[in-house]
Structure formats: C-alpha cells, structure tokens
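Enquirer: All chains, please: the whole structure from these sequences, using the hints.
These are the residues of each chain, in order.
Protein chains: 2
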Amino acid sequence: MVNVAIMGYGTVGSGVVEVIETNGKKIDKRAGMHINIKYVLDLRDFPGDPIQDKIVHDFETIENDDEIKIVVEVMGGVEPAFTFVKRCLQAGKSVVTSNKALVAKHGAELLEIARANKLNFLFEASVGGGIPIIRPLNSSLTADEIEEVNGILNGTTNYMLSKMFYEGADYDTVLKEAQANGYAEADPTADVEGHDACRKIAILSSLISGQQVDFEDIYTEGITKVSAADMKYAKAMKMTIKLLAVAKREGEQIQAIVAPFLLAKGHPLYNINDVFNAIFVRGNVLGDAMFYGSGAGKLPTASAVVADIVDAAKHLHCTIMIDWASEKLELQDRSLMERKFFVRIKGEPEELESKLHSTFGDIHIVRAGQPGEFGFLTGVMTEGEYREKAKTYDNIVHMIRVEE
Amino acid sequence: MVNVAIMGYGTVGSGVVEVIETNGKKIDKRAGMHINIKYVLDLRDFPGDPIQDKIVHDFETIENDDEIKIVVEVMGGVEPAFTFVKRCLQAGKSVVTSNKALVAKHGAELLEIARANKLNFLFEASVGGGIPIIRPLNSSLTADEIEEVNGILNGTTNYMLSKMFYEGADYDTVLKEAQANGYAEADPTADVEGHDACRKIAILSSLISGQQVDFEDIYTEGITKVSAADMKYAKAMKMTIKLLAVAKREGEQIQAIVAPFLLAKGHPLYNINDVFNAIFVRGNVLGDAMFYGSGAGKLPTASAVVADIVDAAKHLHCTIMIDWASEKLELQDRSLMERKFFVRIKGEPEELESKLHSTFGDIHIVRAGQPGEFGFLTGVMTEGEYREKAKTYDNIVHMIRVEE
Chain H
1198 MVNVAIMGYG
1208 TVGSGVVEVI
1218 ETNGKKIDKR
1228 AGMHINIKYV
1238 LDLRDFPGDP
1248 IQDKIVHDFE
1258 TIENDDEIKI
1268 VVEVMGGVEP
1278 AFTFVKRCLQ
1288 AGKSVVTSNK
1298 ALVAKHGAEL
1308 LEIARANKLN
1318 FLFEASVGGG
1328 IPIIRPLNSS
1338 LTADEIEEVN
1348 GILNGTTNYM
1358 LSKMFYEGAD
1368 YDTVLKEAQA
1378 NGYAEADPTA
1388 DVEGHDACRK
1398 IAILSSLISG
1408 QQVDFEDIYT
1418 EGITKVSAAD
1428 MKYAKAMKMT
1438 IKLLAVAKRE
1448 GEQIQAIVAP
1458 FLLAKGHPLY
1468 NINDVFNAIF
1478 VRGNVLGDAM
1488 FYGSGAGKLP
1498 TASAVVADIV
1508 DAAKHLHCTI
1518 MIDWASEKLE
1528 LQDRSLMERK
1538 FFVRIKGEPE
1548 ELESKLHSTF
1558 GDIHIVRAGQ
1568 PGEFGFLTGV
1578 MTEGEYREKA
1588 KTYDNIVHMI
1598 RVEE
Chain F
1198 MVNVAIMGYG
1208 TVGSGVVEVI
1218 ETNGKKIDKR
1228 AGMHINIKYV
1238 LDLRDFPGDP
1248 IQDKIVHDFE
1258 TIENDDEIKI
1268 VVEVMGGVEP
1278 AFTFVKRCLQ
1288 AGKSVVTSNK
1298 ALVAKHGAEL
1308 LEIARANKLN
1318 FLFEASVGGG
1328 IPIIRPLNSS
1338 LTADEIEEVN
1348 GILNGTTNYM
1358 LSKMFYEGAD
1368 YDTVLKEAQA
1378 NGYAEADPTA
1388 DVEGHDACRK
1398 IAILSSLISG
1408 QQVDFEDIYT
1418 EGITKVSAAD
1428 MKYAKAMKMT
1438 IKLLAVAKRE
1448 GEQIQAIVAP
1458 FLLAKGHPLY
1468 NINDVFNAIF
1478 VRGNVLGDAM
1488 FYGSGAGKLP
1498 TASAVVADIV
1508 DAAKHLHCTI
1518 MIDWASEKLE
1528 LQDRSLMERK
1538 FFVRIKGEPE
1548 ELESKLHSTF
1558 GDIHIVRAGQ
1568 PGEFGFLTGV
1578 MTEGEYREKA
1588 KTYDNIVHMI
1598 RVEE
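Chains as they are written, first to last, in my numbering: chain H, 1198 to 1601; chain F, 1198 to 1601.
Calculated directly from the structure, the hints in this document are not laboratory data. Being a predicted model, the structure only gives us computed values, none of them experimental. A virtual CB, placed ideally from N, CA and C, is assigned to each residue, including glycine. Hints are supplied without guarantee of correctness; some may be wrong.
Stated by the list, open to error - Taking beta-carbon pairs under 8 Å as the criterion, some of the chain H residues facing chain F (in silico): (1) N1220; (2) I1248; (3) K1251; (4) K1266; (5) N1481; (6) L1483; (7) G1484; (8) F1557.
Expert: The following block contains the structure:
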C-alpha cells in the first residue's frame, strides 16, 4: 500500500478521488499496490462528502507524515503550490501535479530536487489534459530528434474558433456562449490571450530542448482580434484559423510562438474542433505523429493525474529520467522566424496591387466580399521582413500568420 | 555501455542501425549509457557496408556472448524468431521486437519468461509502426478501464481505400498502383485480407484485457470485395470506407473484429488517409483519445524499436510491468455484436421497400446511381439478427458494417 495526499479539492482534486473510486481495482493492479488516499488538503470543509474524514487544513500534517509517499498538487497557481511542492520533495515525497503555471516556472528546479532525493516529479496533466504527451515525449520518442511540436493546447479558444468557423458567429457572441456553457471562465483572459497555451508550449519546448524555456520569452498573441470577417477570408482560401502553440527546431536554435494561424485543409490539426486538443509532433526519424483527445475537463485531467500516481507508485525508489535542465535556453529571435503572412488591407486590389507587389514581392489576392477591403497572401519571409514592409502601410486591417 | 545484437538486417534492421547512427548522441543521453551494436545476425554478407564487420551468421554467437544484454529481433515470422527470442530471454538478455506475428502468438509466454528472469520483452513497433501505442496503453492510460480500441492499423489497405474514395478508382487499379509504389507487396494477401491488422488488434485486445486473445478467434474480413460502387454509396451517405480493427468492451466481455466499415464524417478516424495509421482509444474516465502517425516504413518503425532499446537499457535489472497473462480470453460471440448494416441489393426500391421494411424494420434507402440496384441502411441490430434476416434474400450484392 502507498499513502497519497491530495492538495486541493477543486475540480481536478475531486476528479482524482472519483477516478480512484471508480477504477480502484484496476489501478491498484497496475500500480502493483493499493493506492490509499490518506489526506485531502483544502481550506474548506465538505460536510456530507465521504472525503470529509480525510480533509486537513494544515499543509504540515502532510509534510510531517512519513507514511505519505506521494503528494498530488492540484491547487493551481504558482504560490503556495511551489513552496508546498518543494517542501514535499525535501521531505521525501514524490509529487504529481496538473499545474502548468508551476511546471512552466519551476519545472527544472523541482525535477532537480526530485532527482537529488531519488523521487519523482511528474506532470503529465499539465499539458493536454487527458492526452498522453509528456510521457510519450520522455519515454516513447527517445530515438528521435524532435524537430517540431505544434499544438492546439487550449480547449476554450478552440471551441470558440470552431464556432466562428462553422457558424459564422462573431467573437463576442461565441465568447458569451462559451461562458454560458462553462467552457470559458468569467474572466477569460488566460485562455483568449493565449497565456494558458504559452505556459504549455513553454513546458513542451523545455522537454524537447532539455533546457529551461521561460514562458515570458515566448511571443504570445491571443484570439481577441480574430473576427467573423477573418473566418470568411480563411474559408475563401480553403483554410481555417486555429490558435497554435508552436516550437520548432531551426538549426541549433528553437523558436516558439503562440498565435492564431491560418491552417490549410490538409494539415493534421485542421480537423481538431470544439474543446478537443491535439499535439502534432515531428521527429527526424519518426516523421509525423499526432496525439489527440480531451485537453481539459475534470475526469480526463484526473485520468492523467492518476496515471502519474501509478507511475510514481511503481517508481518509489528510483527517478524516472526527464531531460530538463535549469540552464536557460535563448529562443531564436522572433524576427528571424520564416513563414507566409495573410494581410487584410483597406482599399481596392486594382489600386493597390502594383504597390503591394513592389513591397511584398509575389502576392496572392484574396476576396471574401468584405466591403472596402481585400486580403493578400505573401510569399515566405521572416517576421522582421514582414514588419519592415508593413510599416509603410497605414491601411492594414489585420495580419494572420500562415502555417502550411 | 550496453551491447546490443540485431537479428535480421532487412528493412527494419538496417533502419535501426541508421537511427542509432543518426541520433546516437541523443539516444545515449536518454538511455544514460552508450548503445553499442556488437552483432548483426543475417544469413547474408554485406560487403562494403560498414555493418559487415559486425555480421554473424550463427545465432549461438549472440546467445553465448554474456556481454550482449539486449537483442533486437526484426527477422519477422514466427519461426525461428520464437525459438531465438526464447533462448535469448533464457540466456539473460532482454528482447525488443517489431514482429507482430510473434507477439500475437507468443507475447504472453515471452513476457512471462522475461518477468521470471527480471528482463524485458518490448514490442512497441509491432503495432502502429512509429506511433507510440503499446507504451501509452501500458504506462499512460493506467487510470482507465479501456472501453474501446479502434484502429486503422494497416497502411497498405488505407492507401488503397483512400485512392478509391478520393479518385473513384477500382480495387484492381489501386492494388496495381500500390504495388508499383512499393506500398503493397507482390503477394498482398496479408494486407488486403486483413491478416496483418488482425494480428495487431489481437495484441491490443490482449493488452486491454490483460489476457491472451488468440488472433484466430477474431473475425477478419479484408478489403478485396470493396468496390468503386461501394465508395459511391459511401459518398452518397457522407461517409467513407475504412478497414477497421476494433476491440470493444461489452459488459464483462470483449468483442473484436477486423472488417471494412462505413465511417461517418464526424468520426476521428474519417480523415486518416493514405499510408497513415491511427488508433482511437476510449477510456471510461479519459474519454476519447487518438494516436496518429506513420504506421509502417523503415525509419518510423526503427524509431519505435530504438525507443524500446532505450527503455530496455534504462531497465536492465527490472521488469517493466506489462499486464498480459497467458490465460486465454474467450471473445464475445460475433453474432451478439450490435451495429447498423449497409446493404446493397438488386432491384428497385419501389418494389422492395415494403418487404425490406417488414424484414429489417426501419430502413433508410440510399441511391448512388448504380443501375439495377440500390442500398439501404438498417437500424441497430446484432450480427446474428442481420444474418438471419438477410438469409431470406438472394439478391443482396454486398453488406458493409457501419461504425458511428
């Protein structure tokens, strides 16, 4: 038997309890021992809930109980989660977390403490919810140099963009709908501004490079400026718009970005709709692979947390190797990233085409029935080049990057 | 350093050597030690190939060399692979294989020998080529009761069906094209009759049940009867036809089948085209997940083999738990499987509809411009019921199962 403490009895925490109750027999068999939830740390009480007997309000009860070998951190936020997790590892307890903010900021440091104490710090649920991606990157794709990770990592924005694409709805309407359905929070900033996806791609970038990628260094653009008109242009080009979180190897460097992208119909991520997430991975020998599933939600996320508990139980006395050192990785300068750009501009193609041609080179005009404006697609150029060229126009309505 | 022997220098074997040469530095880092290829067993010589120095013709050279800790079996076929693998495990060497025929037939027994000797028997590459699926099932989806595994597990037939669907080509034409492109073998039986997919779903069924599923027990129907006309009906119903290998939990039982299925546009497997494979997994808490990638090919398959070598190197003295006992699982009787059926029948709807209605209950007539015939879609019924009802008609042209 192994004793487990859960810190936080919110959505994920109660999901973890539910999953262990539902599939306990199978889970115990796979862990090779009984997984016993001894404590649940929460500031609140839950009278009437069977968990009430296990509720503790004081972190030190967990920290000081040598019987606790695995601690599940599902409180969210960087503090006090970081302090608690660190103290758990120092007290000889392995830690499992779903907390992307904590992992993105302190992952390397916590892995180091875990290693030094022959413990594990596992965080499968921090990216892609129920989709196995962290463990496959660490233990399945070990023969490859990972050249690209490209993900739809946020369910809220994917739901919104899918609605906008398929129903022609505008941003404000779908945001209200998403909030009404519980897919978006009252304050949707973290989702719609891309902050959530940014933390997640920071974690994946760190894992494929083996070094610390600071999320603050990743250029992040949300979906708040994506409009029904943009979707019309996308359709005219047989494309769709998705919020992508991309990390690519470019020679010796890694580039990373979170932004809305125009995506062609043949792209594996084109068909990922609604709240689903997917992560496309390209390896230098594997070729293309994709992992798809529920990127959030109580039970899918809890499924990933519990799988980490099982792994921690199977490795109580040895550390599962995760290649992520504290040494900071300098990302490639964004101005050097190369791609095509789609630009909406005020005016008529007949008047502007030759000027645009002389600025941007070969362009492809796109019409979508929007009055007083049109769109054009550039050839491949760097972000720096694009910015330089676009500077000379004050009539650009919107630019969206293109992923082919 | 760990010494490795490769048995078989064919496509996969030479791929393994290439992958280790290409990514050796990264691979060694992840394994925590240098992976050294000491021998390559093959009946042939390869003069001029740098591998020639390592070629041995006698299995016993490998068996008797205590320095060899990991053996890679990529010869294919059940014998002599089985005898060699067994003797390697008995001689204290972990074994990695890509051989689905071997794993489907003797997986449970070989796992048992490996366990008894504190060794590993790993077979990621035996299903889905480069797609990580065996390891995710064993170590990532451990919190779930797996309710369904549904895969496009054969690249050759998927390439052929994609061509038939998108180009309207007929079976014989696409087979010749597939053979010309190297996607189908001169004798395509194993692929087109579904034998290959059957071995693979037998392995996955064994893993989700924890017991031995004999591939001979799985009803298997290939794609040889799928015609250009069938594809026309599929299109008329906004569906496509895919060769699916399905294992589903039905109460306490597992059902398994390999057959061409009509698949609706919203199904996650609908868009898996060409030689790509994908495996859809449904867990009782995870919900739906899908794994997609190159299901075959030299380097993708070798990537999975080398990832297993890395795992074997990381676990030289302990067995990675794989839940697959020798005890045979009796699959659910096929006649009890429930689904809709699509039927092509000679005659005119006007004449036959009321008789069909009284036999099959509510049906949905489908026209695809085929002279002298039409199609209809039944409601949900068991295979046994369908067979019983269909028996009274001698004008049925073709039946295809429907997966919704």
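Enquirer: For each hint, tell me whether it holds in the structure or not.
Expert: Now for the hints, and whether the structure bears them out:
no. : hint  : result
1   : N1220 : holds (6 Å)
2   : I1248 : violated (18 Å)
3   : K1251 : violated (19 Å)
4   : K1266 : violated (17 Å)
5   : N1481 : holds (7 Å)
6   : L1483 : holds (4 Å)
7   : G1484 : holds (5 Å)
8   : F1557 : violated (33 Å)
Violated hints, in rising order: 2, 3, 4, 8; the structure is consistent with all others.
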